[in-house]
Amino acid sequence: MDTSTLLAVTAALTALAYVIGRGRSLSQAANVGGIRNLNSLPFYYGMLTALWCGLPALALLILWVIFDEPIIHALVIDSLPEQMRQLSGSELGLLINSVENIAAGNSAAMGVDPHLQAASERLISLREASRQALVVVVLCGGLLFGIFGWARVRPQLKARVQVETTFKLALLLCSCIAIVTTLGIVLSVLFESLRFFQTVSFFDFIFGLDWSPQMAIRADQVGSSGAFGAVPLFVGTLLISAIAMLVAVPTGLMAAIYLSEYAGRRLRAVVKPLLEVLAGIPTVVYGFFAALTVAPMIRDNGAVLGLDVSSESALAAGLVMGVMIIPFVSSLSDDVINAVPQSLRDGSFGLGATRSETIRQVVIPAALPGIVGGVLLAVSRAIGETMIVVMAAGLAANLTANPLESVTTVTVQIVTLLVGDQEFDSPKTLSAFALGLMLFVVTLTLNYIALHVVRKYREQYE
Amino acid sequence: MEATVRETVEQKPERLLDRQVIDDQEAVTAAATVGKPFVEAPKMAMRNVNVFYGEKQAIFDVSMDIGSNEVVSMIGPSGCGKSTFLRALNRMNDTIEGCWIEGSLQLEGQDIYDPKLDVVPLRARVGMVFQKPNPFPKSIYDNVAYGPRIHGLVDRRADLDEVVETSLQRAGLWNEVKDRLAQPGTGLSGGQQQRLCIARTIAVSPEVILMDEPCSALDPIATAKIEELIAELSENFTIAIVTHSMQQAARVSSRTAYFHLGKLIEVNDTEKVFTNPEHELTEAYITGRFG
Ligand SMILES: Nc1ncnc2c1ncn2[C@@H]1O[C@H](COP(=O)(O)OP(=O)(O)OP(=O)(O)O)[C@@H](O)[C@H]1O
Ligand SMILES: [Mg+2]
Numbered sequence: 002m003d004t005s006t007l008l009a010v011t012a013a014l015t016a017l018a019y020v021i022g023r024g025r026s027l028s029q030a031a032n033v034g035g036i037r038n039l040n041s042l043p044f045y046y047g048m049l050t051a052l053w054c055g056l057p058a059l060a061l062l063i064l065w066v067i068f069d070e071p072i073i074h075a076l077v078i079d080s081l082p083e084q085m086r087q088l089s090g091s092e093l094g095l096l097i098n099s100v101e102n103i104a105a106g107n108s109a110a111m112g113v114d115p116h117l118q119a120a121s122e123r124l125i126s127l128r129e130a131s132r133q134a135l136v137v138v139v140l141c142g143g144l145l146f147g148i149f150g151w152a153r154v155r156p157q158l159k160a161r162v163q164v165e166t167t168f169k170l171a172l173l174l175c176s177c178i179a180i181v182t183t184l185g186i187v188l189s190v191l192f193e194s195l196r197f198f199q200t201v202s203f204f205d206f207i208f209g210l211d212w213s214p215q216m217a218i219r220a221d222q223v224g225s226s227g228a229f230g231a232v233p234l235f236v237g238t239l240l241i242s243a244i245a246m247l248v249a250v251p252t253g254l255m256a257a258i259y260l261s262e263y264a265g266r267r268l269r270a271v272v273k274p275l276l277e278v279l280a281g282i283p284t285v286v287y288g289f290f291a292a293l294t295v296a297p298m299i300r301d302n303g304a305v306l307g308l309d310v311s312s313e314s315a316l317a318a319g320l321v322m323g324v325m326i327i328p329f330v331s332s333l334s335d336d337v338i339n340a341v342p343q344s345l346r347d348g349s350f351g352l353g354a355t356r357s358e359t360i361r362q363v364v365i366p367a368a369l370p371g372i373v374g375g376v377l378l379a380v381s382r383a384i385g386e387t388m389i390v391v392m393a394a395g396l397a398a399n400l401t402a403n404p405l406e407s408v409t410t411v412t413v414q415i416v417t418l419l420v421g422d423q424e425f426d427s428p429k430t431l432s433a434f435a436l437g438l439m440l441f442v443v444t445l446t447l448n449y450i451a452l453h454v455v456r457k458y459r460e461q462y463e
Numbered sequence: 687m688e689a690t691v692r693e694t695v696e697q698k699p700e701r702l703l704d705r706q707v708i709d710d711q712e713a714v715t716a717a718a719t720v721g722k723p724f725v726e727a728p729k730m731a732m733r734n735v736n737v738f739y740g741e742k743q744a745i746f747d748v749s750m751d752i753g754s755n756e757v758v759s760m761i762g763p764s765g766c767g768k769s770t771f772l773r774a775l776n777r778m779n780d781t782i783e784g785c786w787i788e789g790s791l792q793l794e795g796q797d798i799y800d801p802k803l804d805v806v807p808l809r810a811r812v813g814m815v816f817q818k819p820n821p822f823p824k825s826i827y828d829n830v831a832y833g834p835r836i837h838g839l840v841d842r843r844a845d846l847d848e849v850v851e852t853s854l855q856r857a858g859l860w861n862e863v864k865d866r867l868a869q870p871g872t873g874l875s876g877g878q879q880q881r882l883c884i885a886r887t888i889a890v891s892p893e894v895i896l897m898d899e900p901c902s903a904l905d906p907i908a909t910a911k912i913e914e915l916i917a918e919l920s921e922n923f924t925i926a927i928v929t930h931s932m933q934q935a936a937r938v939s940s941r942t943a944y945f946h947l948g949k950l951i952e953v954n955d956t957e958k959v960f961t962n963p964e965h966e967l968t969e970a971y972i973t974g975r976f977g
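Taken in sequence, the protein lines are chains A and B. Per the numbering used here, the first sequence runs over residues 2 to 463. Per the numbering used here, the second sequence runs over residues 687 to 977.
Heads up, a few of these hints could be off.
As the list claims (entries may be wrong) - Straight line, CA to CA, 25 Å or less: simulated SDA-like cross-link-like pairs of lysine to any residue:
hint, chain 1, residue 1, chain 2, residue 2
1, B, LYS824, A, PRO370
2, B, LYS824, B, THR872
3, A, LYS457, B, LYS818
Hints in this document: simulated from the structure, not taken from any laboratory.
Make the full structure from the sequences, and use the hints.
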């Protein structure tokens with residue numbers, strides 16, 4: 002029986018446990034004078050019995066799958082002749098590998114060390130035994146625990162409480178998985194960054210004005226100084242994000258105001274989904290739109306005005322990124338504006354205020370914290386955006402505030418540092434982690450502030 | 687009041703839900719307003735008003751006057767169209783999609799649904815206080831100063847201060863808030879908020895004040911304060927008040943209008959309505975025979 006069949010059988014067993022657990026509670030209910038005299042509804046007794054059957058079976062299965070390979074390998078090694086067992090860890094690993102290969106039939110049967118041949122046979126037989134034992138253990142475990150759970154079904158048993166506790170624990174487990182994953186990512190980025198800061202000083206990184214991450218591979222190589230000043234990258238990020246927000250915030254906000262305060266229901270039903278289509282366009286499409294259409298347009302128009310615009314400019318990337326973020330800002334603002342109670346608007350109209358006075362003096366102030374929260378979320382989105390910038394803003398780490406020049410951003414540099422073949426432990430590669438860490442800290446702070454602001458706003462009307 | 691009405695329903699289900707309601711329908715269809723719907727030199731005059739929400743008609747052919755410096759109360763079962771009619775008086779229904787109005791409504795002889803009329807000054811002349819207190823999320827001072835500011839009623843800060851103070855005083859709130867004018871209006875208690883909203887309304891000195899169940903969220907003490915205030919205000923203002931409390935209607939108003947299923951059944955001197963109503967439906971309502 003392979004594992005998936007086993008799983009299916011276990012599931013069936015669990016379902017059966019539900020049925021008989023529920024049945025037992027029903028027959029007991031008959032003895033004590035009806036379901037109302039049970040501590041919980043029959044459903045919960047069934048669930049509890051099913052949990053008693055299914056969870057131990059699942060646990061056994063998981064434990065078995067985790068531990069059977071190491072145990073089998075250990076047993077195989079034990080069966081090898083003395084001088085082979087004396088080998089060091091990595092050599093033993095190689096040995097096991099070749100045993101595995103023989104067992105899988107990948108090596109020519111001729112000319113193989115007879116010991117290894119024997120070992121591979123032993124491996125195969127152990128595997129077979131393990132697989133059969135697994136079936137027996139899991140099913141017997143499920144059956145035994147299921148019977149135990151079934152026997153526990155009594156009218157006094159607090160089945161509902163226990164079932165709900167179990168599900169609460171399961172929910173907790175799921176949220177832990179998310180947290181642990183995040184934590185793992187943060188820690189790995191943190192450790193790699195620490196390795197980076199062993200070669201490049203933290204202050205050089207934070208305050209350095211020069212970014213050119215080429216390291217000399219040979220001592221006599223020219224032009225590869227390796228400078229890791231992150232300031233130009235952060236300035237570039239800031240510049241592009243600022244341009245994007247200049248486009249997105251007013252446009253998005255006005256669109257939201259129009260949609261929620263002025264537009265009729267029918268127009269709204271058409272325009273809102275259309276706006277949200279913007280959010281569905283892949284960023285790479287925005288990217289080549291920026292690189293192939295907007296950037297040349299800006300350059301040509303700049304040339305007409307006598308401006309010197311480079312063909313990859315912060316302006317192009319920022320404008321297109323702004324357009325991309327518009328639906329983000331508008332739908333978040335739309336939500337908070339709609340959350341402003343109609344009674345406030347009525348109050349204002351009732352005093353003879355016009356629609357625009359009402360919007361400016363009552364609706365927007367009431368929605369402001371929420372709007373600010375939305376904008377901050379949009380900012381962290383802009384900071385993290387990569388594709389558009391890679392394609393439209395260039396790679397040159399210029400330290401400039403001129404939107405017509407080409408700049409680069411943190412995310413773009415992370416991409417260029419890690420694409421292609423790299424030594425994994427060179428400062429060049431490791432600097433990507435440091436940049437990532439910085440970026441993470443910045444967006445985390447922004448998100449934290451944003452969530453805080455949004456939450457504060459919610460409290461006002463509840 | 688809602689609760690008592692519901693209790694009545696539970697106590698006398700057979701009467702209410704079967705026979706009585708069927709009788710109602712016939713009586714209402716036949717009804718023409720009885721009593722004294724019209725006065726001399728009215729402040730507001732409504733003639734043959736119909737209000738529709740889309741396909742659904744909520745007000746049927748209502749005609750009545752509201753006299754100068756008069757307090758008129760409007761009573762009737764839930765859903766009979768009191769709020770709808772009240773909101774029609776300063777065009778608050780304009781903000782409801784699909785709502786439209788037929789008939790003539792005049793404020794001192796001027797048609798308030800004239801397409802050329804600007805609703806902004808109209809609403810400054812006919813102010814509204816809502817059922818649920820709805821202070822703006824601004825300071826107490828700014829709440830009251832809101833109206834005078836948008837209408838440019840005062841030029842100097844000192845004048846504005848004075849308007850705010852007198853409005854709060856008239857609303858009976860001044861003593862409670864004079865030391866905390868800069869604090870948010872949303873931080874006041876329900877009764878204080880409602881008085882703040884009244885202060886906000888009288889700060890623009892409207893000629894008519896429409897109140898839609900202004901006391902429904904308040905305790906008896908706050909209610910008493912607001913009733914006192916209404917009595918005081920009636921010296922200078924014309925007031926139309928919707929209420930579910932017949933005692934309140936009896937206490938504050940000089941005339942009472944009884945609405946039923948979108949029709950105006952009876953308008954009469956308040957005393958007469960509560961002691962000797964002309965119409966059987968009015969009588970049935972005030973004696974608590976149905977909600
Ligand atoms: N915005 C609306 N859209 C559609 N129908 C409405 C709307 N507002 C009110 N109505 C309907 O119009 C009728 C009258 O409603 P209205 O709010 O005027 O009643 P009311 O007398 O104020 O009731 P209550 O005493 O419960 O406040 C009701 O049948 C109601 O369902
Ligand atoms: Mg109402």
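Hints the structure violates: just list their numbers, smallest first.
-> Per hint list: zero violations.
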